[in-house]
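Colleague: So the protein sequences, as listed, match chains A and B. Under our numbering, the first residue of the first sequence carries the number 142, and numbering increases by one thereafter. Under our numbering, the first residue of the second sequence carries the number 142, and numbering increases by one thereafter.
Treat the hints loosely; a few may be bogus.
Coverage of chain A stretches by chain B, computed from C-beta distances (three or more under 8 Å per stretch; other residues unrestricted) [as the list claims (entries may be wrong)]:
1. 273-287
2. 307-316
If you anchor each label on the Cβ, the simulated ranges turn out as follows [claimed, not checked]:
3. B:373 to A:247: 30 to 40 Å
4. A:178 to B:357: 54 to 64 Å
5. A:325 to B:202: 42 to 52 Å
6. A:144 to B:205: 26 to 36 Å
7. A:333 to B:347: 43 to 53 Å
8. B:325 to A:258: 35 to 45 Å
9. A:196 to B:235: 35 to 45 Å
10. B:235 to A:373: 27 to 37 Å
Everything labelled a hint here was simulated from the structure, so no lab data went into it. Since this is a predicted model, take the numbers as computed values, not measurements. Even for Gly, the Cβ is constructed at its ideal location relative to N, Cα and C.
2 protein chains.
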Amino acid sequence: MGKIEALFFDVFGTVVDWRSSVARALEAALGPRGVSADWAAMADAWRARYQPAMEEVRAGRRPFVVLDVLHRENLEAVLAEFGVGGLSAAELDALTRAWHRLDPWPDSAGGLAALRRARIVAAMSNGNIALMVNLSRHGGLVWDAILGAELAQAYKPDPLCYLRGVEALGLQPAQCMMVAAHNDDLRAARALGLATAFVRRPTEHGPRQTTDLEPAAAWDVVCDSLTELADRLS
Amino acid sequence: MGKIEALFFDVFGTVVDWRSSVARALEAALGPRGVSADWAAMADAWRARYQPAMEEVRAGRRPFVVLDVLHRENLEAVLAEFGVGGLSAAELDALTRAWHRLDPWPDSAGGLAALRRARIVAAMSNGNIALMVNLSRHGGLVWDAILGAELAQAYKPDPLCYLRGVEALGLQPAQCMMVAAHNDDLRAARALGLATAFVRRPTEHGPRQTTDLEPAAAWDVVCDSLTELADRLS
Numbered sequence: 142m143g144k145i146e147a148l149f150f151d152v153f154g155t156v157v158d159w160r161s162s163v164a165r166a167l168e169a170a171l172g173p174r175g176v177s178a179d180w181a182a183m184a185d186a187w188r189a190r191y192q193p194a195m196e197e198v199r200a201g202r203r204p205f206v207v208l209d210v211l212h213r214e215n216l217e218a219v220l221a222e223f224g225v226g227g228l229s230a231a232e233l234d235a236l237t238r239a240w241h242r243l244d245p246w247p248d249s250a251g252g253l254a255a256l257r258r259a260r261i262v263a264a265m266s267n268g269n270i271a272l273m274v275n276l277s278r279h280g281g282l283v284w285d286a287i288l289g290a291e292l293a294q295a296y297k298p299d300p301l302c303y304l305r306g307v308e309a310l311g312l313q314p315a316q317c318m319m320v321a322a323h324n325d326d327l328r329a330a331r332a333l334g335l336a337t338a339f340v341r342r343p344t345e346h347g348p349r350q351t352t353d354l355e356p357a358a359a360w361d362v363v364c365d366s367l368t369e370l371a372d373r374l375s
Numbered sequence: 142m143g144k145i146e147a148l149f150f151d152v153f154g155t156v157v158d159w160r161s162s163v164a165r166a167l168e169a170a171l172g173p174r175g176v177s178a179d180w181a182a183m184a185d186a187w188r189a190r191y192q193p194a195m196e197e198v199r200a201g202r203r204p205f206v207v208l209d210v211l212h213r214e215n216l217e218a219v220l221a222e223f224g225v226g227g228l229s230a231a232e233l234d235a236l237t238r239a240w241h242r243l244d245p246w247p248d249s250a251g252g253l254a255a256l257r258r259a260r261i262v263a264a265m266s267n268g269n270i271a272l273m274v275n276l277s278r279h280g281g282l283v284w285d286a287i288l289g290a291e292l293a294q295a296y297k298p299d300p301l302c303y304l305r306g307v308e309a310l311g312l313q314p315a316q317c318m319m320v321a322a323h324n325d326d327l328r329a330a331r332a333l334g335l336a337t338a339f340v341r342r343p344t345e346h347g348p349r350q351t352t353d354l355e356p357a358a359a360w361d362v363v364c365d366s367l368t369e370l371a372d373r374l375s
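Just chain A, same shape as in the assembly (with noise of 0.2 Å):
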């Protein structure tokens, strides 16, 4: 591993717990105006919405637009799919914004600054610059660069994302290695001569999660946190 310089993080479910914090988000903005739901399922719904949208953009059916305005278009959708009406534009736009304020799984703020005092660490996301921006502030993550979708303009699992990434830290494929929670992104980056990790996060999509449990293939390095992390490549 002497040869890593950076490490490339997914952020949703791997340094991040969107699922959370979106269901409270959703309760806080529509609790208090008498909806009442499953909020868990609310944000999941959000969720699911995620890959088709971007979808859209992959496969040049729609120009590239960044992830903010993809979750708001999909926010609008899932409000109608669960029945709830008459949020302002101000309101949809804010609500929007819980993505910025995403809580970090605990080791994330501390296993990152343990990784960034060897290598470089970037944020390689579908998560446009301002979502990351604020999110990292919310949780105390500090990264060196922000890479992925919004300097790309593609998304993951596009290898535009992972490549345009290495090349604007001025390196090569196998001095960069892809840190995520799910099989098809490290499938990606692998593809593309990258090193791959694989860090577990069983509860991601909940306590029911069936998905992205274990490593679908030898990674180089698969762990349980980022702290781990940090430990195995020390």
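Please build the complex by placing chain B on the supplied structure of chain A, with the hints as guidance.
Modeller: The following block gives chain B in isolation, referenced to the frame of chain A:
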């Protein structure tokens, strides 16, 4: 100043002392080869080619290339000017990376850290992302985001550079303040609606500096260090 949510920093000259650092790197690289020169004058000559090289991009005579490319081309021209030959491509690459290891001014790391407690701090430099990442790790500088030339694919004072940064943070120009030791940089930012802070760096160009010794307009803040700026904005 309560509305200011993000501070954009010019870096070369404002945050780091490029001249002393580059002179030292030239001496370290060329001295052992038997070259004897006025190293500060050689650093000045290298820097003198910076604006004309970027102007080729600004004027549309050349597609955008990152600053590492311009620094490398300019190094070859300066070495020829000083009658120095015989460096290999790898040696030229390594010397070009002198710009990735510029020392900060004594107040920079502490000032940025203090400013970052209350506001987003972002690099708004003509340097590329790799250069900014390496220089910041070298000098202990922590940013929330690296904006600037590479993100915008344009060089300051091209308005695109500032506006792309504002947009990436999801803010309005009036919510951002440009911080620079250069009146031209602040003039361009103010014309777009950003707030402005002038930092006196009277030895950026050495002991006989004649430019940018004082503010050329009534900038919103005028100060002598980033720690003073933090005091003034708190």
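Colleague: None of the hints should be skipped; say for each whether it holds.
Modeller: Hints, one by one, checked against the model:
1. 273-287: As far as the region 273-287 of chain A goes, the hint holds, because 8 residues have Cβ atoms under 8 Å from chain B.
2. 307-316: holds (count 4)
3. B:373 to A:247: 30 to 40 Å: holds (37 Å)
4. A:178 to B:357: 54 to 64 Å: holds (58 Å)
5. A:325 to B:202: 42 to 52 Å: Roughly 43 Å apart at Cβ, these two residues keep to the hinted range, so it holds.
6. A:144 to B:205: 26 to 36 Å: Check passed, 30 Å falls within 26 to 36 Å.
7. A:333 to B:347: 43 to 53 Å: Given about 46 Å between the Cβ atoms, the range holds.
8. B:325 to A:258: 35 to 45 Å: Given range 35 to 45 Å: holds, Cβ gap about 38 Å.
9. A:196 to B:235: 35 to 45 Å: holds (44 Å)
10. B:235 to A:373: 27 to 37 Å: Holds, at about 31 Å.
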